[in-house]
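What follows is the residue order along each chain.
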Amino acid sequence: MLKALNIDPGKCTGCLQCELACSFENEGVFNPSKSRIKVFNFHDQGRFVPYTCTQCDEAWCMHACPVDAISLNKLTGAKEVNDNLCVGCKVCTIACPFGTVNYNSATGKVIKCDLCGGDPECAKACPTDAITYVDADWTGLDKMRKWASKTDAGQQAAH
Amino acid sequence: MAWARRILRVNLTKGTCTHEPLNMDWAKRYLGQRGLATKYLTEEIDPKVDPLDPGNKLIMATGPLTGTCASTAGRYSVITKGALTGAIACSNSGGFFGNEMKNAGLDMIIFEGRATSPVYLFIDNDDCQLLDASGYWGTSVWDTEEGIKEAHGDPQIRVASIGVAGEKGVKFACVVNDMHRAAGRSGVGTVMGSKNLKAVAIRGTKGVSVDDMPAFLKAAAAGKAVLADNAVTGQGLPAYGTQVLMNVINETGALPTRNHRDIQFEGASKISAEAMAEPRESDGKPNLVRNAACFGCTIACGRVSTIDRTHYTVVDRPQYQKASGGLEYEAAWALGAATGVDDLDALTFANFICNEQGIDPISFGATVGAAMEMFEDGVITTKEAGGIDVKFGSAKALTDLAELCGRGEGFGAEIGLGSKLLCEKYGKPELSMSVKGQEFPAYDGRGIQGMGLTYATSNRGACHLRSYTVASEILGIPEKTDPLVTDGKAGLVKAFQDATAAVDSAGICVFTTFAWTLEDIAPQIDAACEGDWSVEALLATGERIWNLERQFNLAAGFTGKDDNLPPRLMKDAAKTGPAKGLTSGLDKMLPEYYQLRGWSKDGVPTNETVSRLEL
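Chains as they are written, first to last, in our numbering: chain G, 1 to 159; chain W, 1001 to 1615.
Be careful, since some hints might not be right.
Mimicking DSS-like on lysine-lysine, the simulated pairs with C-alpha atoms at most 30 Å apart in a straight line are [stated by the list, open to error]:
| id | chain 1 | residue 1 | chain 2 | residue 2 |
| --- | --- | --- | --- | --- |
| 1 | W | K1149 | G | K90 |
| 2 | G | K38 | W | K1218 |
| 3 | W | K1285 | G | K11 |
| 4 | G | K38 | W | K1561 |
If you want the footprint, here are the derived chain W segments under chain G, 3+ residues with CB under 8 Å [unchecked claim]:
| id | segment |
| --- | --- |
| 5 | 1061-1070 |
| 6 | 1197-1208 |
| 7 | 1318-1330 |
| 8 | 1547-1554 |
Derived by calculation from the structure, the hints in this document are not laboratory data.
In this text, a Cβ means the ideal position worked out from N, Cα and C, and glycines have one as well.
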């Protein structure tokens, strides 16, 4: 079963444990500035929104790369950057409509979410289940279930 | 590792910024943050220095766990000689600033001297510059933070700054970071203002590591599981915040009301966590928007709130109609019960102003409560109060004074003296509900006897965070004791004081200790840091820190006579509730406390104690 990251901003408290886990997995140190997932704080509205690569099927970044450094991991569906091939041209960062591929000046390569090879650390670190790793074909299942439980509320009340 | 092993010394008089290696001998004996910065401060300043003299120093300090993935590990503290108290001051803050400082490779920033004109410190990893802050002087914390991010074109910069109150010498000014997280007490922001230092802005991207990573990851994960499984940290605090206490403490008969005249507030339920969740009439939305976490915190007790748009405080003022930091228990108590005001929106507004202009809501609210008592007694007149009827229960007086105090103007500037100086000024020193010049927080020492001893002996003046015996006496953590008796409280207070001093030096939040004991904390510190950090070592470190702070205060001119409570708590019996008829039994607890501490009858650490603790 192919899985995907599913983000529910309503559950996010803005603690950044996902950024800590992501940076540790990828950099070996705790460094949110190097995280592939970012939590945005819309302070005036009291909203926190985690945001990262959604692994597009027809990935703009992959198609744009002039040296074929971005490739599909068929097991996970992730578009992965091969550091040995990446020349740091940043064309993928322009091509990505969502801004989720970014340049790392410390290494001269781009960085993006690779789903940690199929076991994403951000999802494991999230204390509120705002980030989960679920069946890619059924990311809406929890929302459907929640609303499904209300469909016969009128009938229930009538009885 | 864990420690960045580097400090930044900023001489504001000379305009220099210099990196220095951290004194690792001291780090191994004082851990970090509160303990280690206190060691530096006490080595470097004259204890008798006026807090606002350039000879006083101000230290911002992270702990060894700050910036790691341990739960709540984003804390930093501001350590100085307090403007409100003249005693050792250490105010702890969450938010995200501490992590940014650690990621710039800094355990501490030591500020010394005084700049000739307003400046702010800008740190971009190893680059440190003092920049002109004249454009920000006279503006709020909120405008300063947004302005600096815009000026540098970097929204990821983290800022800690003072508001106008800190510039104008309001004695209980805070240093506020991330819009509404504050190093709140004892006037640390006042000291910052006296140095012409408006803000510290940091971008840090270096990364943080620890000594034994596999052991640390395991210990940190175990710690998080304990927090998640605990009813207080896993359910109560995320859902209700610290405000979960309002109705509990009121029913206990320990909610100081109208300047401690009463210890139960008839309006408590209207300003409680439950009230914050109640949909209001105007728009059907509750005051509480959601809970929010500080850096790395898996509890997330923070409140994000809005004010009813039809409320008098915000009509035609759209900047206050947005969501911002909501009421925590201490603020709700001080702005509400201490003043007799039960208007939740007025309290939320006053709290916004405290954040916006950097004033401590505890000392502010408690001082307004004292002013209200003097007003009712006819000691302060409407004319002296600048036309404000400073009556108990007046929401308008509260919110007007918050704005005036935030700007250091009119009668607000007099409130900004703090209750001790204000009450002395009007010839009523006995009406200041304070110890060592710092106002009581939200627990009455008659209804919770251990808190009386806590306040009397707290090194930074009256404070609940130095030994939160409420945990034991009311909540039964780690075990239940009777709040109405004095027996055993000396030992309880000492144990809490020592453990808390260690926690405050580690980079984590003291609220973890609703669930964590040192048995949960020690493995995390031990794995992260070089050296032996067993439970015993942490307790010894905590006791060493406590005595170091005590020695500083004694050298500053305090004596055992200052370990005291106002006559109201010692002589006026509680009128209602379970504690009815009781006064504080401080005189029974204090001698035993001195003995357990290894101090003389006058409250001075004996030579034996000093050498035992290797001070």
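Quiz item: Which hint numbers does the structure go against, in order from smallest to largest?
Solution: Per hint list: 4 and 8 violated.
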